[in-house]
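The listed protein sequences derive, respectively, from chains E and L.
Numbered per UniProt numbering, the first sequence finishes at 192, counting up by one with no gaps.
Numbered per UniProt numbering, the second sequence finishes at 176, counting up by one with no gaps.
Bear in mind the hints are in silico, worked out from the structure with no lab data behind them.
Ideal Cβ placement from N, Cα and C applies to all residues, glycine included.
Among the clues, some could well be false.
Claimed, not checked - DSSO-like mimics (lysine-lysine), calculated; alpha carbons at most 30 angstroms apart, straight line: (1) L/85 with E/94; (2) L/85 with L/101; (3) E/33 with L/85; (4) E/132 with E/21; (5) L/101 with L/118; (6) L/118 with L/85.
Stated by the list, open to error - A partial selection of chain L residues facing chain E, derived with a Cβ cut-off under 7 angstroms: (7) 6; (8) 7; (9) 14; (10) 15.
Stated by the list, open to error - Each pair of labels, with its calculated beta carbon distance range: (11) E/62 with L/33: 28 to 38 angstroms; (12) E/175 with L/77: 22 to 32 angstroms; (13) E/174 with L/100: 20 to 30 angstroms.
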Amino acid sequence: MSEYILLLLSTALVNNVVLVKFLGLCPAMGVSKSVDSALGMGLATTFVITLAAGASWMLENWLLAPLGLSYLRILTFILVIAAVVQFTEMVIRKMSPGLYQALGIYLPLITTNCAVLGVALLNISQQFGLFKSLVYGFGSAMGFTLVMVIFAGLRERVALSRVPQAFDGAPIAFVTISLLALAFMGFSGLNI
Amino acid sequence: MLAAVLSLTVLGAVLGVVLGVANRFLQVEGNPVVDEVLEMMPGSNCGQCGFPGCAGAAAAVVDGSAPATLCPPGGKALASALAAKLGLSLDLSGMDDSGPKLAAVAEELCIGCCRCAKVCPTDAIVGAARQIHNVLREACTGCESCVPVCPTEALLMKPMPVTLQHWVMPRPAAVA
Chain E
1 MSEYILLLLS TALVNNVVLV KFLGLCPAMG VSKSVDSALG MGLATTFVIT
51 LAAGASWMLE NWLLAPLGLS YLRILTFILV IAAVVQFTEM VIRKMSPGLY
101 QALGIYLPLI TTNCAVLGVA LLNISQQFGL FKSLVYGFGS AMGFTLVMVI
151 FAGLRERVAL SRVPQAFDGA PIAFVTISLL ALAFMGFSGL NI
Chain L
1 MLAAVLSLTV LGAVLGVVLG VANRFLQVEG NPVVDEVLEM MPGSNCGQCG
51 FPGCAGAAAA VVDGSAPATL CPPGGKALAS ALAAKLGLSL DLSGMDDSGP
101 KLAAVAEELC IGCCRCAKVC PTDAIVGAAR QIHNVLREAC TGCESCVPVC
151 PTEALLMKPM PVTLQHWVMP RPAAVA
């Protein structure tokens, strides 16, 4: 049990997808203007990454590896991810039209979020079992959500403060996220 | 080779069927009145009403949180059409409507900065950098987004000129 908790912690904090592996920066910059939509985006991506991690594990171990088709890995994974994202979009449009409006174009763009494909591929290269890859996907997604929410909170505070004109807008956001990345580097000293 | 083609085909077909079934079960019925009102709006999403776009404005008009007169580009014609459709009482006195207007570029003032072309929601403004811009009348919806961004105040709203395509026979003067 503690093994899984450690895996969850280490993927969410120590090997954070956004701030340590630099995957999924597009939504991290794009949808982090308000905490609400950042949380929604984070949860939608969590759903997609967890499902995609499980589905890609099953595809790899039950279809691609037995047939010797590992060279089709990226193609099939993208196919599955696209389908999962379409499904998520339908669910969100049904469950929460407000969130659907707030996420806008970034919702279908989860397909091209490299964190999703990255987690699926890293999963395979680390040769986890099915449950472990689900935990790995969920932990990475939780790290993504955590960073999205923290960063959106910071950006909301920055939006209210007086920023020098040269830094206003995207530049101060990049400075902020780089400081956040430095802070997350502190977790690499965590002894787990 | 065969295994690769077959497995991808089967995978794609299965995913397609799953998504199709999911689409059937998760279909969203939008309010049909909102869709009809949205059809009546100019559709250029200019944002003059204060809502993010025509879809937001249509929803607000239908649920009653905004008056029928909310759309400046639509003018009195749209306001009365909306009021008739939704059965609202209408007060047109606050509306300044001197007929449809289109944007026009004053050539002597235009410096060719392209700012107006960037904000135009319908791409009605043509012209390259440092060249005098022009407005395509067929594409302009009169949303006035370009007017505030012009640094030299070269964009003016002019009444829509009467052309062969737009001319309509005037109504006969009322007989007393």
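Q. Between residue 118 of chain L and residue 85 of chain L, is the straight-line Cα distance small enough, at 30 angstroms or below?
A. violated (35 angstroms)
Q. Does residue 21 of chain E lie within 30 angstroms of residue 132 of chain E when you go C-alpha to C-alpha?
A. Holds. Residue 132 of chain E to residue 21 of chain E sits at ~20 angstroms (cutoff 30 angstroms).
Q: Grab the minimum C-beta distance from residue 14 of chain L to chain E and call the hint holds if it beats 7 angstroms, violated otherwise.
A: Since chain E brings no Cβ nearer than about 9 angstroms to residue 14 of chain L, farther than 7 angstroms, the hint is violated.
Q) Are the Cα atoms of residue 85 of chain L and residue 101 of chain L separated by 30 angstroms or less? A) holds (25 angstroms)
Q | chain E contact restraint for residue 7 of chain L - C-beta distance below 7 angstroms | A | With Cβ-Cβ at 6 angstroms, under 7 angstroms, it holds.
Q) Would you say the C-beta atoms of residue 174 of chain E and residue 100 of chain L sit inside 20 to 30 angstroms of each other? A) Since the Cβ atoms of residue 174 of chain E and residue 100 of chain L sit about 44 angstroms apart, the hinted range of 20 to 30 angstroms is violated.
Q: Look at the Cβ atoms of residue 175 of chain E and residue 77 of chain L and judge whether their distance stays inside 22 to 32 angstroms.
A: Distance hint for residue 175 of chain E, residue 77 of chain L is violated at roughly 50 angstroms.
Q. If you take the shortest Cβ to Cβ gap from residue 15 of chain L to chain E, is it below 7 angstroms?
A. holds (4 angstroms)
Q.
With the threshold set at 30 angstroms, check whether the alpha-carbon distance from residue 101 of chain L to residue 118 of chain L stays at or below it.
A. Roughly 20 angstroms between the alpha carbons, so the hint for residue 101 of chain L and residue 118 of chain L holds.
Q. Would the pair residue 85 of chain L and residue 94 of chain E pass a check requiring their Cα atoms to be no farther apart than 30 angstroms?
A. Distance ~28 angstroms between residue 85 of chain L and residue 94 of chain E Cα, so the pair holds.
Q. Regarding residue 62 of chain E and residue 33 of chain L, is the given constraint of 28 to 38 angstroms on their beta-carbon distance met?
A. violated (49 angstroms)
**Q.** Hinted contact residue 6 of chain L with chain E - closest CB pair below 7 angstroms
**A.** Result: violated, 9 angstroms to nearest chain E Cβ.
The structure shown violates the earlier hints numbered 3, 6, 7, 9, 11, 12 and 13.
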